[in-house]
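**Q** Take a look at the letters that make up each chain.
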Amino acid sequence: MNEAFSSVSPVRRSAWKPWENPIFRRYCQSRLRLHGLGVSLLITVLIAGFIVALTHSIGVRSHTRVVDAARMGIIPLLVFQGLILFILGTAQVAGGMVAERDEGVIDYQRLIPMTPLSKVFGYLFGLPVREYAMFFATLPFTAWSLWRGQVAWNVWLPLYAVVVSSALLYHFTGLVTGTVVRNRRWAFLVSIGLVFALYTVIPQMAGFGLVFFKYLTVTPVFEESLPDILPKSAGAIVHTVQRLAPTVKFFNLDFSESVFTAFSQGGLIVTFIIMLCRKWRRTESHLLGKLWATGFFIWIQIVLLGNALPLIEPGHLFPSRAFTRMVQVLPNWKPQPMEAVAMSGIYGLVTLLLIFVLALIITPSAEHQIRGWRRARKQGSSSLPHLADAATAFWFVLVMALAGAAGWFLFTQGLVESRWFPGHVVSLRTLGFFAAVMLTGSIGFQSLLEAKGGRVVGLTAIFVGAVPVMAGAVLGTVSNRMIPLASWLIGISPVSMPFYAAGTLLSLSELPAQTARAIPRAFYFWLLVGALMALWLAVRLWAARQAMAKSVLSVSGEDAPIADPGSLPIR
Amino acid sequence: MNGASASGNGSSTAAIDIRYLRVDYGDFVAVDDLTLSVPAGEVFGLVGPNGAGKTSTFRVVTTLMEPTYGEVMLDGVDAFEDIESARRIIGYMPDLAPVPSDLKVWEFLDFHAAAYGLGNRSQRRDRVNECLAEVALTEQRNSWCKALSRGQTQRVVLAKTLLHRPRVLILDEPASGLDPLARRDLRHTLRRLATTGATVFVSSHILSELAEMCSSLCVMNRGRLLASGTADQVRHQLGSTERVLTATLLARHEEAGEWLSAQPAVHDLRIAGQQVIFGFKGDDEAQADLMDGLIRLGVRMRAFEEKRSSFEDILVGVAETNRRP
Numbered sequence: 001m002n003e004a005f006s007s008v009s010p011v012r013r014s015a016w017k018p019w020e021n022p023i024f025r026r027y028c029q030s031r032l033r034l035h036g037l038g039v040s041l042l043i044t045v046l047i048a049g050f051i052v053a054l055t056h057s058i059g060v061r062s063h064t065r066v067v068d069a070a071r072m073g074i075i076p077l078l079v080f081q082g083l084i085l086f087i088l089g090t091a092q093v094a095g096g097m098v099a100e101r102d103e104g105v106i107d108y109q110r111l112i113p114m115t116p117l118s119k120v121f122g123y124l125f126g127l128p129v130r131e132y133a134m135f136f137a138t139l140p141f142t143a144w145s146l147w148r149g150q151v152a153w154n155v156w157l158p159l160y161a162v163v164v165s166s167a168l169l170y171h172f173t174g175l176v177t178g179t180v181v182r183n184r185r186w187a188f189l190v191s192i193g194l195v196f197a198l199y200t201v202i203p204q205m206a207g208f209g210l211v212f213f214k215y216l217t218v219t220p221v222f223e224e225s226l227p228d229i230l231p232k233s234a235g236a237i238v239h240t241v242q243r244l245a246p247t248v249k250f251f252n253l254d255f256s257e258s259v260f261t262a263f264s265q266g267g268l269i270v271t272f273i274i275m276l277c278r279k280w281r282r283t284e285s286h287l288l289g290k291l292w293a294t295g296f297f298i299w300i301q302i303v304l305l306g307n308a309l310p311l312i313e314p315g316h317l318f319p320s321r322a323f324t325r326m327v328q329v330l331p332n333w334k335p336q337p338m339e340a341v342a343m344s345g346i347y348g349l350v351t352l353l354l355i356f357v358l359a360l361i362i363t364p365s366a367e368h369q370i371r372g373w374r375r376a377r378k379q380g381s382s383s384l385p386h387l388a389d390a391a392t393a394f395w396f397v398l399v400m401a402l403a404g405a406a407g408w409f410l411f412t413q414g415l416v417e418s419r420w421f422p423g424h425v426v427s428l429r430t431l432g433f434f435a436a437v438m439l440t441g442s443i444g445f446q447s448l449l450e451a452k453g454g455r456v457v458g459l460t461a462i463f464v465g466a467v468p469v470m471a472g473a474v475l476g477t478v479s480n481r482m483i484p485l486a487s488w489l490i491g492i493s494p495v496s497m498p499f500y501a502a503g504t505l506l507s508l509s510e511l512p513a514q515t516a517r518a519i520p521r522a523f524y525f526w527l528l529v530g531a532l533m534a535l536w537l538a539v540r541l542w543a544a545r546q547a548m549a550k551s552v553l554s555v556s557g558e559d560a561p562i563a564d565p566g567s568l569p570i571r
Numbered sequence: 001m002n003g004a005s006a007s008g009n010g011s012s013t014a015a016i017d018i019r020y021l022r023v024d025y026g027d028f029v030a031v032d033d034l035t036l037s038v039p040a041g042e043v044f045g046l047v048g049p050n051g052a053g054k055t056s057t058f059r060v061v062t063t064l065m066e067p068t069y070g071e072v073m074l075d076g077v078d079a080f081e082d083i084e085s086a087r088r089i090i091g092y093m094p095d096l097a098p099v100p101s102d103l104k105v106w107e108f109l110d111f112h113a114a115a116y117g118l119g120n121r122s123q124r125r126d127r128v129n130e131c132l133a134e135v136a137l138t139e140q141r142n143s144w145c146k147a148l149s150r151g152q153t154q155r156v157v158l159a160k161t162l163l164h165r166p167r168v169l170i171l172d173e174p175a176s177g178l179d180p181l182a183r184r185d186l187r188h189t190l191r192r193l194a195t196t197g198a199t200v201f202v203s204s205h206i207l208s209e210l211a212e213m214c215s216s217l218c219v220m221n222r223g224r225l226l227a228s229g230t231a232d233q234v235r236h237q238l239g240s241t242e243r244v245l246t247a248t249l250l251a252r253h254e255e256a257g258e259w260l261s262a263q264p265a266v267h268d269l270r271i272a273g274q275q276v277i278f279g280f281k282g283d284d285e286a287q288a289d290l291m292d293g294l295i296r297l298g299v300r301m302r303a304f305e306e307k308r309s310s311f312e313d314i315l316v317g318v319a320e321t322n323r324r325p
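Which chain is which? The protein sequence lines are A and B, in order.
With the working numbering, you'll find the first sequence wraps up at 571, consecutive numbering, no jumps.
With the working numbering, you'll find the second sequence wraps up at 325, consecutive numbering, no jumps.
Among the clues, some could well be false.
What the hints assert, rightly or not - Once the Cα atoms are required to be at most 20 Å apart in a straight line, the calculated EDC-like pairs of lysine to aspartate or glutamate come out as: (1) B:146 / A:107; (2) A:334 / A:313; (3) A:279 / B:254.
What the hints assert, rightly or not - Footprint (simulated), chain A over chain B, 3 or more residues, beta carbon under 8 Å: (4) 18-24; (5) 109-116.
Since the hints were made in silico from the structure, they are not lab data.
Bear in mind that the values here come from a model prediction, so they are computed numbers and not experimental data.
The beta carbon of each residue, even a glycine, is placed where N, CA and C say it ideally should be.
One chain only, chain B, in its complex shape (with noise of 0.2 Å):
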């Protein structure tokens, strides 16, 4: 089964349960089989290449569209049974956040203020306000929203997903077209709300971005869920303990040599000057037991430093993989 938790603590306190989730587009499979558990209070990304499937499970848990089977939970609401509770449940922010073209700043907000029922109109005005700050548009409370330049664009749309306090924020691709200072904005906030209570789910094709701001994460490819937990534990699960480690010594750099390239993780060894450069693969046990034995050899070590690969290279690798045939 395709299935993770991202807390490892079961379904019973998650505020996403996913179950066995297929979505099929005729022959192709978008998601498969797809089992997920994500706690309250998480910011947990999704994180995948362009076709991975994101989307396509963003709009299930949504309940935009329909599976083809599976099921999903949010906060113990059955999405298909009870579609209207689900859906006061979550606040969801899709892909390019399109904006009316009719309609000011304050009036888009204000029109989901009061279609989530949000009190009367001085208590719309209030929460449309309070949200426009949240973003830092207070400026553009009475512009066009078509005036709007694309950052802008994202952050009104993620003050209307903020207005009516849902437990569960769904952004797909929230950090796309905003400039790092918004980006910035942007991961502040999503922690901050994270602390009052609600949980997060974000999707990013940029792994490095979802590192930053998510509490945990997981990886799709395909349709189908690669790994998930916390960064490193993606990073181990995805095989990615290769590194390269550079041991700068004193003298006796031969000796070292020798006796490195004889370990079994050890490949690619050369020497330039005082430095022995290799590639290690092994997680960091073996490392430290590594460095531990070139102390016990006796060489003299000035520094030593690692090289990980990024998340970028890993995520390349694992699309690479699984456009192989």
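Bound conformation, chain A alone (with noise of 0.2 Å):
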């Protein structure tokens, strides 16, 4: 053999041709071989055939137009083609990535030369390429019904367009699902389950004001094409009831469906990028930097309030509004105080949560603390960078804490001090009492992960977290009498907070006579007991690093600092 030892020259491959990527390539060749794409291609085109055969022929048989007949199947496709896409194409995605950890391979594909985002979309279109390829395969179906059902282009691309980026985000969730979680039947159903709730569940909290989440599915887009794609005498009603709705509204600014929707997407989709990148330079990594995760917040704080501002004057911000267009009693319509009250505990309620999902991220283990503080003893340095992943990730909980006490704020004040309710205003007292409600339950969490690890925080979630809901829940229950006391145990778990601190501060808050004094009471007793503990936790977080610190850097002889510090870089 002809021997030449020498490095491979530096492969430098565009990462948005994906047909120049050897793992986009490579999953070609396994994912596309003859005998299962057959089989795959055969199924697929008999499926979507028999929907616009059968659409088609009751349409004709019911003696609706010839355009009407064929835009009968465009909505079926569209949801089988979304079963292919989101479902199957998100499954492969989770499920090959792990895969390849289980066989091993993975270590191959880390080491090869190609930049971490070639190797990204080098999975995010090679896993599911068999997928794309069924997708395509009920194209040749879905540009039928579009020609003869005479649907215009600038209705249909851009629906396809969202369907595309759609599947891009699920698929990316499906990627960060299988690169994060270890267990194949684990990923499947995980990333199948954040596919449902992505689509599901999430987007329900557009209904309570958090118009921003329904923007991470075709939902909207869907719904603005609806009278073009539907027969026309449907699709005439569909347009009218669309008429008495706004286009997207961000602070000032009028956007389409489709480009707040692409805005949206796109904004998680980087994010998801970045995770999946960081991931491949060192599986060590947390999936978000702390800079990168407190932007990421304050600019969800920012779509959040920016999509939900502008809907309170008119009155789309709120969930009765809609309740009460679906049985047509509009003109008297009026929001119910207690509807902003709870908007508000909702707003903050996300907002808490969203904060511990984040600091779950950038908070430290105890292992990546040790060898962050030994690194630094071999550095010769006795403090780590603020950046690092073994740095504590207190203080930005705490930034994102005062963002999201802000941006509670905002909102609630938006709501409150609207024309729906002359006469009431919203203190900056309040303020203060969100941003404690923030910061004790933020500080609290996080104080205690990085101090004692998830398994004590998994406890605590169930025994201070969930726990006195579901009792109070139940005491509630039993009668009249037990209400007040049921409220106290509530009020014991950080995700009542929101709701109690928005029923005791606002003026327009009109507790039941029940709980009328036990919530209020509640409310000041547990945020001071929750503020003491989550100040004592800290402060014992802060006593524990000084403690490992110490114990790590102070020790001498073998391990002390080495002559070139400035070659040992603190990662």
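Taking the hints as your guide, dock the two standalone chains into a single complex.
**A** This is the structure we're talking about:
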């Protein structure tokens, strides 16, 4: 063999050209083999053909026009395509990623000289390549339906653009899940669960004022396109209803549904890319850096507010309006004060939960911290860089808590001081209490997580977060006399705090008689207890970190700093 | 410090230069302050019992794992500062050598050839065929990876490792699962690669296996480097100068026995027929002096044999010593 051992020349491939990407081509080879692909395509074409033939035949037999008969198949086809791309594709991405790790070949892929971004795109487009082929196999049927149904290109193009961007978002979800979750079956279940949540549960938040979340799905664009892809008679009805609804408003700006959906999904996709690149670069890295996580949180706050605030004055933000629109009793509609109180509570709760999730991502484990301090010792340093994974996440969670409190306050102020509730104002004192609620929950959670680890946090979440709420709920149903006690019990849980805060502090709050005294008292009491606990945990965390640093840094002899500390960077 | 240089010529010409490497898993220290230098063109062996820290060391050297601290230079490239360049230098064959189940042998190799940018389709095909021939697997070119035997799988992964002509080859237990013939071929391949300028860093828990194929080696246990150098130097560093000597004499056995018993390095002496058998703890010079003494004594010696501890004995001894609290 003619050996000339030298390093290979740098291999620079554009991450944007999948056909040049070896990982993509490798999956084309394995997942597009004639036998397997042939069966998949046959089934796909059969189903798509059946859908179009059946709907068209029904249309013709019911004497609808040719155009309408052709349109009848578009939505069932879209559902079928969604099933292929969103469910099968996502499961394949998550499962394929775990399979790579199970088989052990992922180490080879780590070592090949490709940029992390190229690897991410190789897997993103490669793993579900058969599902893409199946999707493409349905397109002739869609094209026929759109052509015969005389659907304008400016209607179907944005719709399919959002279908593709949603597929990418969900595939990224699967890729992140497959990268993080170690068990193949769990990765499949978690990714499908996440897609389900992204599609069904999370968009429901839109009904409670958190409009942004519905733009993570194809639903808004689908609804926008609906009049033009339905048979004309049905389309006209939908079109009339839609004229009552606004386009997407973002603060003072107006966007089309498809542009804003792309914007919303884009933010999440970029975050997923960052997560995957970090994992490809170093397996031990946190999914997000501290700065990015904080920026991401602030971005979410901005889009939540940007979407929600402009919808308050026209009343579109209130869930009761959507309900009354459904039952067509609009003229005398007016939002209920407690509706606004509940919306404020939900905003606070979602913000708090988001901080918990981000704190989980950026908080270093004890092992991470010790490794960081050992590196610092070798470098002759007595501190860790603030942005290192091993450094404390305390300050970043603190910033998130303050930003979350500010966002919550602005949202609440927008609701309460709107034209719907004349005479009501939200004082700065409320901002102080909102900040206290956010800081108590976030700092307590983060300090406990960093000092004691995930297991203790899990147990705390069960016994302090969930059990009091469940016990209180059961107790409250026993008899009316028990409601005050139940209120006190539920108040133990940090997740009840945003609702208690809104119910206590907002002037438009009209608490029921049984809870009118108990909830405010429970709120102030448990907030004080929570604040003291959070403070104590923060102090304990500080002491634990100091002790850890001292014990690691004070080791002498063979572990003393090396002669050339500059050559050992702290990562 | 826990360090060694295979050639003793420092790190300036080292293909692999490991400094102050430490790897922790929680409270468990897998690699403890390891400093090691492997010169270019060596077949360097890393031996140790299971759990010695070999695989952790390899995973750090291949940039697959971040150490607690420490520095790894590969051909002058900092493995953690410039990961992409470092990865182009190395070829890594992991323990148990996994292969993807959904690819054929040539597809697996062609994928890696493409990933390393080894030319167009026909150039890649030529290189794949060359590497398959090198590991004697040309006939399995169109077989499914999942249909290969353990030994064949090892060889396919070795072919994959050779594809991009890496300057540093890191092979974790490459001989496991190979039959004696394939082991011999592997030995020849590694030696030949070294003559063409590649540096081979190879691990095994079988010391005799490494002693056969390596120009130098080191022994690790419990994350620490115990000895390094040539096979003899390692034996010496591990304190294994213990041997059993047998002198076959034509006459005067008792007299020779008395004289030998008076020597401080001699112990456990017994006489069996014409043979005087005794334990001896000393280096080669001391042994030569002993023979010289016997001859000066005037005994007529027909034969003089030595039996040294095997490498396996040494390793077992090391492992057991370290196992004790």
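**Q** Hint by hint, note whether the structure agrees.
**A** Hint by hint, here is what the structure shows:
Taken as a hint, the residue 146 of chain B and residue 107 of chain A pair is honoured in the structure, with Cα atoms around 18 Å apart against an allowance of 20 Å. For the proposed pair residue 334 of chain A and residue 313 of chain A, the alpha carbon gap of about 11 Å is at most 20 Å, so the pair holds. Our distance criterion of 20 Å between C-alpha atoms is broken by residue 279 of chain A and residue 254 of chain B, whose separation comes to about 74 Å. Counting residues of the stretch 18-24 of chain B whose C-beta lies closer than 8 Å to any C-beta of chain A gives 4; at least three are required, and the coverage claim holds.
Requiring three or more residues with a Cβ within less than 8 Å of a Cβ of chain A, the coverage given for the stretch 109-116 of chain B holds, as 5 such residues are present.
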